[in-house]
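Protein chains: 2
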Amino acid sequence: MKPLTNFTKAELDGRIELLRREMLDAEVDAVILASAPNVGYFTDLNDQFPWAVTSRAAFIMISLGGTMSVFLPEVMQTLWREDKPDATIVSWPSPRPGDEGITELAAAINRLPSRFGKIGFEIGPESRLQMTISDWTRLISMTPSFQRVDCSSICMNVRMCKSEAEVARIIAAGEIFGNALQALKVGHVEGVSERALAGKVLSKAMDLGADNENFLAFGSGPGGYHSVVASPGIRELKTGDLFTIDAGIRYSSYYCDFNRNFAVGKATDHILRAYDALIEAVEAGVNACRPGNTARDVYAAQANALFARGFEGGKLGRFGHGLGRQITEPPSNAATDQTILREGMILAIEPAVMLPGGALMVHEENALVSADGPRYLSPLAPADLPIL
Amino acid sequence: MKPLTNFTKAELDGRIELLRREMLDAEVDAVILASAPNVGYFTDLNDQFPWAVTSRAAFIMISLGGTMSVFLPEVMQTLWREDKPDATIVSWPSPRPGDEGITELAAAINRLPSRFGKIGFEIGPESRLQMTISDWTRLISMTPSFQRVDCSSICMNVRMCKSEAEVARIIAAGEIFGNALQALKVGHVEGVSERALAGKVLSKAMDLGADNENFLAFGSGPGGYHSVVASPGIRELKTGDLFTIDAGIRYSSYYCDFNRNFAVGKATDHILRAYDALIEAVEAGVNACRPGNTARDVYAAQANALFARGFEGGKLGRFGHGLGRQITEPPSNAATDQTILREGMILAIEPAVMLPGGALMVHEENALVSADGPRYLSPLAPADLPIL
Chain A
1 MKPLTNFTKA ELDGRIELLR REMLDAEVDA VILASAPNVG YFTDLNDQFP WAVTSRAAFI
61 MISLGGTMSV FLPEVMQTLW REDKPDATIV SWPSPRPGDE GITELAAAIN RLPSRFGKIG
121 FEIGPESRLQ MTISDWTRLI SMTPSFQRVD CSSICMNVRM CKSEAEVARI IAAGEIFGNA
181 LQALKVGHVE GVSERALAGK VLSKAMDLGA DNENFLAFGS GPGGYHSVVA SPGIRELKTG
241 DLFTIDAGIR YSSYYCDFNR NFAVGKATDH ILRAYDALIE AVEAGVNACR PGNTARDVYA
301 AQANALFARG FEGGKLGRFG HGLGRQITEP PSNAATDQTI LREGMILAIE PAVMLPGGAL
361 MVHEENALVS ADGPRYLSPL APADLPIL
Chain B
1 MKPLTNFTKA ELDGRIELLR REMLDAEVDA VILASAPNVG YFTDLNDQFP WAVTSRAAFI
61 MISLGGTMSV FLPEVMQTLW REDKPDATIV SWPSPRPGDE GITELAAAIN RLPSRFGKIG
121 FEIGPESRLQ MTISDWTRLI SMTPSFQRVD CSSICMNVRM CKSEAEVARI IAAGEIFGNA
181 LQALKVGHVE GVSERALAGK VLSKAMDLGA DNENFLAFGS GPGGYHSVVA SPGIRELKTG
241 DLFTIDAGIR YSSYYCDFNR NFAVGKATDH ILRAYDALIE AVEAGVNACR PGNTARDVYA
301 AQANALFARG FEGGKLGRFG HGLGRQITEP PSNAATDQTI LREGMILAIE PAVMLPGGAL
361 MVHEENALVS ADGPRYLSPL APADLPIL
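Residue numbers (UniProt numbering), protein chains in the order written: chain A, 1 to 388; chain B, 1 to 388.
Note that these hints are calculated values from the structure, not bench results.
Each hint should be verified, as a subset may be incorrect.
Which copy is meant is left open, so a pair is good if it fits within one copy or across any two.
Said to hold, decoys possible - Restricting the straight-line Cα-Cα distance to at most 20 Å, the calculated cross-link-like pairs of lysine to aspartate or glutamate (EDC-like) are:
{"hint": "1", "residue 1": "Lys315", "residue 2": "Glu104"}
{"hint": "2", "residue 1": "Lys200", "residue 2": "Glu190"}
{"hint": "3", "residue 1": "Lys238", "residue 2": "Asp99"}
{"hint": "4", "residue 1": "Lys118", "residue 2": "Glu104"}
{"hint": "5", "residue 1": "Lys118", "residue 2": "Asp86"}
{"hint": "6", "residue 1": "Lys315", "residue 2": "Asp99"}
{"hint": "7", "residue 1": "Lys9", "residue 2": "Asp150"}
{"hint": "8", "residue 1": "Lys185", "residue 2": "Asp207"}
{"hint": "9", "residue 1": "Lys84", "residue 2": "Glu280"}
{"hint": "10", "residue 1": "Lys200", "residue 2": "Glu175"}
{"hint": "11", "residue 1": "Lys266", "residue 2": "Asp29"}
{"hint": "12", "residue 1": "Lys118", "residue 2": "Asp29"}
{"hint": "13", "residue 1": "Lys84", "residue 2": "Asp29"}
{"hint": "14", "residue 1": "Lys315", "residue 2": "Glu82"}
{"hint": "15", "residue 1": "Lys315", "residue 2": "Glu343"}
{"hint": "16", "residue 1": "Lys315", "residue 2": "Asp150"}
{"hint": "17", "residue 1": "Lys200", "residue 2": "Asp86"}
{"hint": "18", "residue 1": "Lys118", "residue 2": "Glu164"}
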């Protein structure tokens, strides 16, 4: 139940205080949070259950005043009560299909003092409502005196700037991935499948203390890969292949998100030049991670660096994104994203180039926006493309 | 991209055919599927992305006639086109916050022939709609000539009965977990944390070929644990502890789900008697896994076996559940679930008892409902509680 290392009570109280300020600005009486990243962020309770088990559900309610209310299946009651002695704990005999905690949640909403008549739910961009739509519809009809509005953006406003303790977790996740990559040995990748190589790296990561909820994509091919988002497959690596492993390794509920490129046996001059251009583009992107710049600036810095080297950008839709409790969080480093960078924001810097034949090459590192200038959070990739 | 072993085209076509029969019965013109288990089941495309990356989304549309339509971010286009040459592939420049594929999906819905005027979405019990509520609301307003109805139950009707090839994956997942448990060695658990022990087991499971999306819960305590759903924590095991590791290890997109109990150094007579009662209750539950029985019968068989041994059932809300592409699927082995068992259904059989002091003890195995009688799919737990 307990996370690997708890955040201090002061830090957790500070999060709620910031959220309440955002709630006042947005004129919201209370927020109902049901997603693992938001529940985990505001409670420091990080169980994989009930999100893995869709016959269950769990919610927290944070109102402008008073204590937090926690709604959860009876089977989870004991432990949360132990960890959150101040919270109001409400349980139901789950599973109860068609009413997974809705009666209890509606009753609590209807008892709320109504200053603005509005309740925030996770319904805006990048959210996923962690209840069934039929339960949601029922909840709305049972709470007619409140309007529902989005609260995912105000939660993200609070979550976006990471504390030192959060930064430390993301650095640790990156160290684990960096060390786990040592499972890939020179002369031992040719003839081995993507799946087997990924398994070696993940096995090492688990040994080194990673959580068991990780993201991993693998791409390989002669002279370049065609996807950086595919799960590792049965393809066996061959001499002349370029391959990449892109991982969101999670440590104590926080993700790193970066990739490494490798050539099998040898690489063409074009690929070596692309690697250099990508390293430069990452440097340019990281260098733009300064308070007051926008996510768009971080995109433009990378695009300009690639253009200066004569490369066309690959179609990923963006050159990186925020990260934290989710492997991708707002903002997007894209021409359309005007989010202003603030101290404590963490960005994955992820330029991509097109190679001859339509193949792709991507490079990614993680950087912190700080008052002292940008700071790499991931262990740096080697300056020259590693040959395995 | 490619799954570890592909299902045959005949099997995949058969799934769609069964779904279309259910759609006709339910008078639904088309279903829109957005969740990883349903998209994976009906396409055999099993990428972790875009479900891990909530700034993206992906959907498939299956109508009563014609080919399947696949809606996905540009970054995924190449690979899906390669694997699904017959499907209509529609892409958009994702991320596009506020319209993550909705314009394209609405246009396709509005071009559908309307026989019944109804579109099925994943909105019923145990579903999670994998798009934002704001996108969903927009989609509804853009497709006014169709009514929306639930299709998660008809998808589950098709998914519930597993083929031989699916059963083989669940057996393989169980073998991986069984072998990974050998990482727990006699004399090497005392003083070690839950987290470290879980890491050893998961590391071994990855080495043995498990997917990287697993579920793992851990409970430990003097003379019993208080939760069977908590993530492994920092608690270090002590002599006299009872501990359990409950894992959904995934192999080629299918989960096993069973647990194992261990005592550290020694166990009380009461715990040994509870272990025996649980083994008997599992046997009784498995023995009730016959076509024509109900999920309630499977619950009752376990409850009766525990009662006959003088034990009170623990409050899990059910004594097991279906499993497959999700670690828990309908039905629930509960007094309220009248689902009739059919050949090919796979159930986790999971009785629990209360121990003195309010602690808990659970035992779980996986069983197949077959015409030749019930069949264990998990490697059997030892008849006597293992002491480590």
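Hints, verified against the model:
no. : hint              : in the structure
1   : Lys315 <-> Glu104 : between (46 Å within a copy, 19 Å between copies)
2   : Lys200 <-> Glu190 : within (14 Å within a copy, 28 Å between copies)
3   : Lys238 <-> Asp99  : neither (54 Å within a copy, 41 Å between copies)
4   : Lys118 <-> Glu104 : within (19 Å within a copy, 32 Å between copies)
5   : Lys118 <-> Asp86  : neither (25 Å within a copy, 47 Å between copies)
6   : Lys315 <-> Asp99  : between (43 Å within a copy, 18 Å between copies)
7   : Lys9 <-> Asp150   : neither (27 Å within a copy, 43 Å between copies)
8   : Lys185 <-> Asp207 : both (18 Å within a copy, 16 Å between copies)
9   : Lys84 <-> Glu280  : neither (47 Å within a copy, 37 Å between copies)
10  : Lys200 <-> Glu175 : both (16 Å within a copy, 19 Å between copies)
11  : Lys266 <-> Asp29  : neither (61 Å within a copy, 53 Å between copies)
12  : Lys118 <-> Asp29  : within (6 Å within a copy, 37 Å between copies)
13  : Lys84 <-> Asp29   : neither (22 Å within a copy, 48 Å between copies)
14  : Lys315 <-> Glu82  : between (48 Å within a copy, 18 Å between copies)
15  : Lys315 <-> Glu343 : neither (29 Å within a copy, 47 Å between copies)
16  : Lys315 <-> Asp150 : neither (30 Å within a copy, 35 Å between copies)
17  : Lys200 <-> Asp86  : neither (43 Å within a copy, 35 Å between copies)
18  : Lys118 <-> Glu164 : neither (33 Å within a copy, 52 Å between copies)
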